[in-house]
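The task is simple: from the sequences and hints, build the whole structure.
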Amino acid sequence: MKTGKEYEESLRKLNLNVYLFGKKVANVVDDPIIRPSMNAVKMTYEMAAMPEYEDLMTATSHITGKKINRFTHIHQSTTDLVKKTKMERLLGAQTGCCFQRCVGMDAMNALSITTFNIDKKYGTEYNKRFLKYLEFVQAEDLVCDGAMTDPKGDRALAPSQQKDPDMFLHVVEERADGIVVTGAKAHQTGAVNSHEIIVMPTISMREEDKDYAISFALPSDAKGITYIYGRQSCDTRKLEKGLLDRGNQIFGGHEALVVFEKVFVPWERVFMYKEYDFAGELVENFASYHRQSYACKVGVGDVLIGATQVAADYNGANKASHVKDKIIEMNHLNETLFCGSLACAEEGSKQPSGTYLVNVLLANVCKQNVTRFPYEIARLAQDIAGGLMVTMPSEDDLNSPEIGHYVKKYFQGRADVSTENRMKILRLIENITLGTAAVGYLTESMHGAGSPQAQRIMIARQVNMAEKMKTAKKLCGIKE
Amino acid sequence: MLKIGIKFCGGCNPAFDRVAAVEKIKKGLEGKAEFVPLNDETSEMVIAVMGCGNACAELGETREKQIIIISDIDGADAAIEEIKRKQKV
Ligand SMILES: Cc1cc2nc3c(=O)[nH]c(=O)nc-3n(C[C@H](O)[C@H](O)[C@H](O)COP(=O)(O)OP(=O)(O)OC[C@H]3O[C@@H](n4cnc5c(N)ncnc54)[C@H](O)[C@@H]3O)c2cc1C
Ligand code: SF4
Numbered sequence: 001m002k003t004g005k006e007y008e009e010s011l012r013k014l015n016l017n018v019y020l021f022g023k024k025v026a027n028v029v030d031d032p033i034i035r036p037s038m039n040a041v042k043m044t045y046e047m048a049a050m051p052e053y054e055d056l057m058t059a060t061s062h063i064t065g066k067k068i069n070r071f072t073h074i075h076q077s078t079t080d081l082v083k084k085t086k087m088e089r090l091l092g093a094q095t096g097c098c099f100q101r102c103v104g105m106d107a108m109n110a111l112s113i114t115t116f117n118i119d120k121k122y123g124t125e126y127n128k129r130f131l132k133y134l135e136f137v138q139a140e141d142l143v144c145d146g147a148m149t150d151p152k153g154d155r156a157l158a159p160s161q162q163k164d165p166d167m168f169l170h171v172v173e174e175r176a177d178g179i180v181v182t183g184a185k186a187h188q189t190g191a192v193n194s195h196e197i198i199v200m201p202t203i204s205m206r207e208e209d210k211d212y213a214i215s216f217a218l219p220s221d222a223k224g225i226t227y228i229y230g231r232q233s234c235d236t237r238k239l240e241k242g243l244l245d246r247g248n249q250i251f252g253g254h255e256a257l258v259v260f261e262k263v264f265v266p267w268e269r270v271f272m273y274k275e276y277d278f279a280g281e282l283v284e285n286f287a288s289y290h291r292q293s294y295a296c297k298v299g300v301g302d303v304l305i306g307a308t309q310v311a312a313d314y315n316g317a318n319k320a321s322h323v324k325d326k327i328i329e330m331n332h333l334n335e336t337l338f339c340g341s342l343a344c345a346e347e348g349s350k351q352p353s354g355t356y357l358v359n360v361l362l363a364n365v366c367k368q369n370v371t372r373f374p375y376e377i378a379r380l381a382q383d384i385a386g387g388l389m390v391t392m393p394s395e396d397d398l399n400s401p402e403i404g405h406y407v408k409k410y411f412q413g414r415a416d417v418s419t420e421n422r423m424k425i426l427r428l429i430e431n432i433t434l435g436t437a438a439v440g441y442l443t444e445s446m447h448g449a450g451s452p453q454a455q456r457i458m459i460a461r462q463v464n465m466a467e468k469m470k471t472a473k474k475l476c477g478i479k480e
Numbered sequence: 001m002l003k004i005g006i007k008f009c010g011g012c013n014p015a016f017d018r019v020a021a022v023e024k025i026k027k028g029l030e031g032k033a034e035f036v037p038l039n040d041e042t043s044e045m046v047i048a049v050m051g052c053g054n055a056c057a058e059l060g061e062t063r064e065k066q067i068i069i070i071s072d073i074d075g076a077d078a079a080i081e082e083i084k085r086k087q088k089v
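Line order of the protein sequences matches chains A and B. Residues in the first sequence are numbered consecutively from 1, following my numbering. Residues in the second sequence are numbered consecutively from 1, following my numbering.
Because the hints were derived from the structure by calculation, they are not lab data. Computed from a predicted structure; not experimentally measured. Every residue gets a Cβ at the ideal spot worked out from N, C-alpha and C, and that includes glycine. Honestly, I wouldn't trust all of these hints.
Stated by the list, open to error - Below, simulated PhoX-like cross-link-like pairs (lysine-lysine); rule was C-alpha separation at most 25 Å, straight line: (1) Lys-66/A with Lys-86/B; (2) Lys-66/A with Lys-132/A; (3) Lys-86/B with Lys-24/B; (4) Lys-424/A with Lys-409/A; (5) Lys-32/B with Lys-86/B; (6) Lys-65/B with Lys-67/A.
To be verified - Listing some non-contacts, in silico: residues in chain B with all C-beta distances to chain A over 10 Å: (7) Ile-6; (8) Lys-7; (9) Gly-10; (10) Arg-18; (11) Gly-28; (12) Asp-40; (13) Thr-42; (14) Glu-58; (15) Arg-63; (16) Glu-64; (17) Ile-67; (18) Ile-73; (19) Gly-75; (20) Arg-85; (21) Lys-88.
Set out below in structure tokens:
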């Protein structure tokens, strides 16, 4: 396994084509806007080497029997799935943000199932290729970007019906040694902190869309790939000298638009090629794993609840009964999210490939709650934090020789707590509920791993309605 | 001297400071036990530090050894006493 330092060094060797604020980034690793997100991914390496976390952070490879980072593991039991949930909560709580490495893990687990199933039907050799690739990822302890979401253009039209054919990533040329692809993947979490990009189709497809039914993996600096870094609310605070106004002083997440302009993929890295009838299965399995992965929001919730309690302690409102009750409600919602992720893991099952898949119905229920509860937790945090969270002056004002004493005097809460500490905790709440980390805690909770309606469709499809109706009829004596 | 390995749970949501508990145990057994890496085959005993009552850390690799499990902060004192008693030190 790589150390955190080795991970950082390995990123320096990549030759990524990254654009930020309209300019090409010369040094991605040290860029002040990007750096906090690298710090968060680095934690997945550092904690794997710490005895007090390794039971969750590491696993035993089913291919080589070697100890590996759990983010490169294929789940071999429901215990593995439960550990994945716990690892994600742990990391969310340690970083207070999106640590970006779960999308690739979920992509690999979904591919381990679907490549096997395609081979069984068509006699192809995708699973063999995939396992070889997986062994490489495990041995090198790599970060993989899980790239599913296409820009999608007109949502009412299928890939092959779009006016611009590049709205969904597709094959543009087939060669003896591989394929050439064009298109883009949007909202790519952790893309510029990744060594590899694993591309999957974004929706179920029909025969006419078969050029879009492709899956493959490429090094992140492959020729023809361009990254356009996503803005986040309050991002330029990271360019300021002081740390206080950032809220989270160390960590952050990121997303990027990843453009593929005639990119060559060798056959040994192609895991699906025009088997359109398996696109839906791959999407569903990836989405189910990723809906489980939102246990990370429970960890960020832990930070937000802790911060809210501190804010209440600092302004003296901590003993008010409604404040106590609101914090109980925040915990209730947060632990309910944990229940969903744990439940779908515990109820997981073995697939023909040997991989354990989460319970699809419960994973969708889990994510449906994730689209709602963090918003309510954030609302309660803002209620308890008070208005100062959004009207407070800057760190420079606090330290100003002319007016700093006013800031200290008038924003003092309890007399034994410094104004500076009160400002720090309020900035952290601001960061998670409407600053850079709100991207991960709120909007990603809404749309990441699929917008709310996608889960409702799955819930409708997965529940055993016939059985429910049968039982109801039996109990009230209906005989038809 | 008695050789002891430490096995931690992964610490997803621990109810106490597991690392501090181990420091306490190490201090309590200073001069009476040697703390060695978990994979040290010469150790006779393993202290398994579980962050909560779920006690989910895998103990398979420590099967052959005496295991003392602690899953709350009071467990640190109890472990010190138990080891002293067992070793008559
Ligand atoms: C922070 C963040 C991180 C993400 N990380 C990743 C990542 O790492 N990898 C990845 O592949 N993806 C990632 N995603 C993408 C995520 O999966 C998508 O945001 C999600 O699938 C929704 O797609 P969209 O954003 O294009 O929304 P849109 O498609 O624009 O949806 C907007 C609304 O329109 C509705 N809608 C859309 N199409 C239809 C339709 N045909 N019929 C009816 N209603 C429709 C939706 O339900 C929704 O309410 C991330 C997203 C976010 C916000
Ligand atoms: S023992 Fe408790 S705190 Fe430790 S990993 Fe298991 S569930 Fe989490």
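Cross-check of the supplied hints:
| no. | hint | in the structure |
| --- | --- | --- |
| 1 | Lys-66/A with Lys-86/B | violated, 36 Å |
| 2 | Lys-66/A with Lys-132/A | holds, 15 Å |
| 3 | Lys-86/B with Lys-24/B | holds, 19 Å |
| 4 | Lys-424/A with Lys-409/A | holds, 16 Å |
| 5 | Lys-32/B with Lys-86/B | holds, 12 Å |
| 6 | Lys-65/B with Lys-67/A | holds, 22 Å |
| 7 | Ile-6 | violated, 7 Å |
| 8 | Lys-7 | violated, 8 Å |
| 9 | Gly-10 | violated, 3 Å |
| 10 | Arg-18 | violated, 6 Å |
| 11 | Gly-28 | holds, 19 Å |
| 12 | Asp-40 | holds, 13 Å |
| 13 | Thr-42 | holds, 18 Å |
| 14 | Glu-58 | violated, 6 Å |
| 15 | Arg-63 | holds, 15 Å |
| 16 | Glu-64 | holds, 18 Å |
| 17 | Ile-67 | holds, 14 Å |
| 18 | Ile-73 | holds, 15 Å |
| 19 | Gly-75 | holds, 15 Å |
| 20 | Arg-85 | holds, 26 Å |
| 21 | Lys-88 | holds, 29 Å |
Consistency with the previously given hints fails for numbers 1, 7, 8, 9, 10, 14, ordered from lowest to highest.
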